[in-house]
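Starting from the structure of chain A, add chain B where the hints point.
Residue numbers (the working numbering), protein chains in the order written: chain A, 1 to 525; chain B, 1 to 525.
It should be emphasised that the hints constitute simulated quantities derived from the structure, not laboratory data.
Check before you lean on any hint, since a few could be wrong.
Pairs involving identical chains hold if they fit within one copy or between any two copies, as the list cannot separate such chains.
In the BS3-like style, the derived pairs of lysine-lysine whose C-alpha atoms are separated by at most 25 Å in a straight line are [stated by the list, open to error]:
| # | residue 1 | residue 2 |
| --- | --- | --- |
| 1 | K106 | K288 |
| 2 | K253 | K106 |
| 3 | K267 | K199 |
| 4 | K288 | K467 |
2 protein chains.
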Amino acid sequence: MNGAEIMLRSLVSSGIDVCFTNPGTSEMHAVAALDRVPEMRGVLGLFEGVVTGAADGYARIAGKPAATLLHLGPGLANGLANIHNARRAASPMVNIVGDHALEHRKFDAPLTSDIEALARPMSAWVRTSRSVNQIAVDTAEAVRIARSAPGRIATLVLPADTSWSLPDDDTHEVETPSEIEGPIPVKADVVESVAAILKSDGETSALMLGGAALLEPALTFAGRIQAATECRLFSPTFNARTTRGAGHVRVEKLPYFGEAVVSLLHKTTQLILAGAPSPVSFFAYPDKPSDLVPAHCQVYEAATSSHDLTSFLSDLADELDAPSEPGRRAGAQRPPLMSGDLNPGTIAAALGHLLPEHAIVVDEGATSSFALGPMTEGAPSHDWLDLTGGSIGQALPVSTGAAIAAPDRKVVCLSGDGGAMYTIQSLWTQARENLDIVTVIFANRAYAILNVELGRVGVEHDTSRAKELFSLDRPELNFAEMAQSMGVPAKRVETTEAFNEVFAERMKAPGPFLIEAMIDPIQLG
Amino acid sequence: MNGAEIMLRSLVSSGIDVCFTNPGTSEMHAVAALDRVPEMRGVLGLFEGVVTGAADGYARIAGKPAATLLHLGPGLANGLANIHNARRAASPMVNIVGDHALEHRKFDAPLTSDIEALARPMSAWVRTSRSVNQIAVDTAEAVRIARSAPGRIATLVLPADTSWSLPDDDTHEVETPSEIEGPIPVKADVVESVAAILKSDGETSALMLGGAALLEPALTFAGRIQAATECRLFSPTFNARTTRGAGHVRVEKLPYFGEAVVSLLHKTTQLILAGAPSPVSFFAYPDKPSDLVPAHCQVYEAATSSHDLTSFLSDLADELDAPSEPGRRAGAQRPPLMSGDLNPGTIAAALGHLLPEHAIVVDEGATSSFALGPMTEGAPSHDWLDLTGGSIGQALPVSTGAAIAAPDRKVVCLSGDGGAMYTIQSLWTQARENLDIVTVIFANRAYAILNVELGRVGVEHDTSRAKELFSLDRPELNFAEMAQSMGVPAKRVETTEAFNEVFAERMKAPGPFLIEAMIDPIQLG
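For reference, chain A alone in the conformation it holds in the complex:
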């Protein structure tokens, strides 16, 4: 058993059985070892941003890490943007990055670069496995770090000679991680303090929920707290995973633009953080605040995303003698299908009308997403996955990984046209693995958000050349044709009726499909 096989078997023994990859020569022994470790499923992506984004989506749904196998520094670099998004999602991930053999590094061959330095900004842990006698321990440690609460990025650099060598003896074969750091319990006195804060007179309180607090059963506990205290329940704008829909306690998502957040928080005087950061502006703007908490509002950080949020909310509900059931759960209520001109609102209505139970919605619709929340809150129970790190090009890969994690669930991927082009190669993997994903491209032929932002930054002169750089209509992209060229059947639709028909059909039929929804950019403000 060489180093590569020890690495794979250690991953499998640690519960990791999916490896998203785009390998090269330096990973050859790891790829070859796949034939000796059939428990590990290898999934090929044609670009590393697909690979790392898929690992993120997999982790969000499976609740455990996938591995990635990447080709030296440039392969890792290509995957970094979606590792950034995964890091912001607190998704566990184990990246295995092949490197030159240790003795080969000094020759500075063309593909040589400082892989550890590239990995560090986006990783919680980086190590180079310098010997085959160390690879089992190093792999187990990577898994331990990745699985530690709330979920982290571990990057293990695997020199080719570590991969191809044989260990000195069998004491160096196959390790599993010991002592994974689970979520940190929130202390009883913190629970008591928060309860006291929520009960104080004359205050308007809100809980800001993040991480596992947006999943069941935590949501139910939050709803019981709400029933006891009338507090509002908020979440950040972008979350790794939120369970929502009919029967679930409704959480108000903060809007994207800072002014709207300030307005929403206007009446709140006490904001309790439970797994979420204090609200800040996504970008800074001249003469606008970055900190979006009103001056009259006191912020209490009760628990971070590393805490045991489910137990915390349960304990808090008990401490408050909360009713056994939430006062308010979203009712089952679907909007009617709409007709006429196709726009983000009519598409949102179709989603709300047709979304099947247990669907996974991956949302990177940007300016086209605004109507989705309200239109789908009464749809059957589903999970909602957001763009967590702001790096567009995440929806298609995350959908790919989510579908691998949950082959029995329908995945609906919503993407702007600009974002979709970043990692469009995802479609090929979806076709190859026959994944049950319906991708909707909001084809407004622009980086529409940037036109909005251009108005917000106070530029007063002529901006025709600037706007040209936000426009995708010269030439017009044809996503339906593009999808078909990668093996995914697709249809371009121009009316609401046509969208409704094909979307309804695809909610019932399995397999990958792309709908190119030709819309005008949404008008804001």
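Frame of chain A, contents of chain B only:
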């Protein structure tokens, strides 16, 4: 004039007038400033790997840097692989990376990351411009570094507040770089020593040429040295730019695989390096040497790529009293067109037969490239651009930038199907800018090189699952359809006759076009 405009005007004053970009909100003021600085041409790419690869191609042909404008850490990360290739090509490049406003960083908003740390492994110089009063000086310094011999990567991080602020007074506006470090002269005693080495009896000598030594007039001087000494002229396998074809001195390119290099260098006893590194294996293999220089061969590093190679070779020719003309220049000799089954050999013949004068060939054909060199060496004078850093996905972007640098020259882009998928979004920019590029996709439906490598690493067990990860035929990609979906007209061809016809036609017609050449993987060894 705000910081963004000062930055743009400083670039223009320093001779940089093309900016490849994929901007976002943090770069909004820089984009807006484009309307006030019409001398700067903004070229949009739909993915940052396109942007940085285009800047590389531009620099190789224009001989001066372009700027890139990138969106925070993830935008830079997406561009790093082609920055790696550019660094290996010694291409000058000035990357401007927007960041959050300095005061906004502490809030750790979702897009926050350590941009300097990400930039450092691939950059010769990294700086954050922390004040609008500093931006002119910082921009000029970035240009100075980039233009210093032989060409470097300079990355300037531009916080949004530096961009939107006004300077204290007009002494802080617009700077140009002072004292660009030109190529280092090679000392006379080195020239004399090398001449003596080349003249020593009983030795078989070779010059290993790299960088500017592969361009005219250096090539002519090298040919004169060859005429005087009978030395062989070699170059590395992968070079930023080589001028070749009829009338030029022929340089033997080292083959890719180490065994073949060892065999080629077999008789050489003295190897003089002039702008090229000593030959090393691209990858390491068990029980194979990384250093490919035979034990009996002495290596002399006469000049690095930072030296004035043209003057060095001229001085060396004079020192040797070399004839005024090279003994051997490649004759004008085109191969006949071939017919029958389409394969890399028949495609290479078509290139040799049809390549127009002053064409720029960008070669990332990998296993399909082997026949190209001999078939084109008698074609009219042209430039050949290789994949310099081994990170595939470079040919389409580099072609894009090369065509912007030389709108009057035909660009022929040769790419494997696997590599093309990395940065396929390049086609859209080619359509948008109406660039004169004919892209040939060697569609063998595999990462063919990896199948070869799998055989080379000595794996003996069944490798069917491994090979599945190198296969691109499930589903089959349709590049012609894909190109059309991005606005580039295209044709799929299955026979040599069909290839010849469409390639001949496109050598005469301007504008972007893609030919999908359906071939079988080349059989090696």
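Inset, instruction - Determine which of the earlier numbered hints do not hold for this structure and return their numbers in increasing order. - result: none
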